[in-house]
Amino acid sequence: MTSLRERKKQATRVALQEAALRLALAKGPDNVRVDEIADAAGVSPRTYNNYFPSREHAIVAAVTASRMPALAAGGPLAAAVADAVVGHYTEPGDPAAMLMITTNPGLRACYVDTAAGIEGPLTEAIVSRGVDAKTAEVLAAAIGAAAKVALRRWLKPAGGLMMVSGSLPELIRAALEPLAPALDATAG
1 MTSLRERKKQ ATRVALQEAA LRLALAKGPD NVRVDEIADA AGVSPRTYNN
51 YFPSREHAIV AAVTASRMPA LAAGGPLAAA VADAVVGHYT EPGDPAAMLM
101 ITTNPGLRAC YVDTAAGIEG PLTEAIVSRG VDAKTAEVLA AAIGAAAKVA
151 LRRWLKPAGG LMMVSGSLPE LIRAALEPLA PALDATAG
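Position 31, counted from 1, in the sequence shown is what the numbering used here calls 31; the numbers after and before it change by one each time, with no gaps.
In case anyone wonders, no lab produced these hints; they're calculated from the structure. The beta carbon of each residue, even a glycine, is placed where N, CA and C say it ideally should be. One should not assume that every hint holds.
So the derived label-pair ranges between C-beta atoms look like this [claimed, not checked]:
1) Ala185 / Val14: 38 to 44 Å
2) Ala70 / Met98: 16 to 22 Å
3) Glu91 / Ala174: 18 to 24 Å
4) Ala182 / Thr90: 19 to 25 Å
Cross-link-like lysine-lysine pairs, in silico, DSS-like; alpha carbons within 30 Å at most [as the list claims (entries may be wrong)]:
5) Lys27 / Lys148
6) Lys156 / Lys27
7) Lys134 / Lys148
8) Lys27 / Lys9
Go ahead and model the full structure; you've got the sequences and the hints to work with.
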C-alpha cells in the first residue's frame, strides 16, 4: 500500500503532465511556459522543477505515462519481449499528441529518451520469468537501447524535414533481433 505522501506526489505528477499536454495541444509546445503549466496544475514553478526538467519532458510523460510494457506468460522470452516493446510504443493514443511529438525536435528527443524508462518494468518482468536479477537488469538495459535505436530510425530527419520512416513495429523487432539468443538462453 502506498503512503498518503506518495499518492499526493503521484497526483501532482499527473496534474502537471495533463496540464502540460493540454496547454501544448492548445497553444503549441513552443508557446507554453513552465510557470503556465505549474499554475494550471495548482503548484509553484519550483515544485514543477522537482518533477520535470523541461516542458518537453512533462508533455512526453503525459503521452507515455500509461504505457508500461508487460510480458506475456509462457513462450520464448525473446518473442514476449518483442511483443511487449512493440505494444508499448504502438499502443493507440491521442493522434494529435503523437503528431505534435513527431513534428517538434525537442519533443522527439524526449520521446526517444523514454526508452530508458522501460528498463525497470522489463527488469521485473524478466525476473518473474526465472532470470536472475543481475542478468535481467543487463538484458533490460540492452532492450531499452535497442528500442532507442528503433525510435531514432523511425523519427529521423530527412533534408531538413522530419520524416517518420518505416513501420515502427518492424523497426523495433529488427532492433531487438540480435538480443533474441541471449534472451532465450537465459530463460530456460
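Comparing the hints with the structure gives:
For alanine 185 and valine 14, the Cβ-Cβ distance of about 40 Å falls inside the hinted range of 38 to 44 Å, so the restraint holds. The supplied range of 16 to 22 Å is met by alanine 70 and methionine 98, whose beta-carbon atoms lie about 21 Å from each other. For glutamate 91 and alanine 174, the Cβ-Cβ distance of about 19 Å falls inside the hinted range of 18 to 24 Å, so the restraint holds. Our hint of 19 to 25 Å for alanine 182 and threonine 90 holds, since their Cβ atoms are close to 24 Å apart.
For the hint pairing lysine 27 with lysine 148, the CA-to-CA distance comes to about 29 Å; that is within 30 Å, so the pair holds. Proximity of lysine 156 to lysine 27 is assessed by CA-CA distance (about 25 Å); at most 30 Å being required, the pair is judged to hold. A C-alpha spacing of about 21 Å is found between lysine 134 and lysine 148, which places the hinted pair at or below 30 Å, so the restraint holds. Under the criterion of a C-alpha separation no larger than 30 Å, the hint pairing lysine 27 with lysine 9 is consistent with the structure, at around 27 Å.
When held up to the earlier numbered hints, the structure conflicts with none and fits them all.
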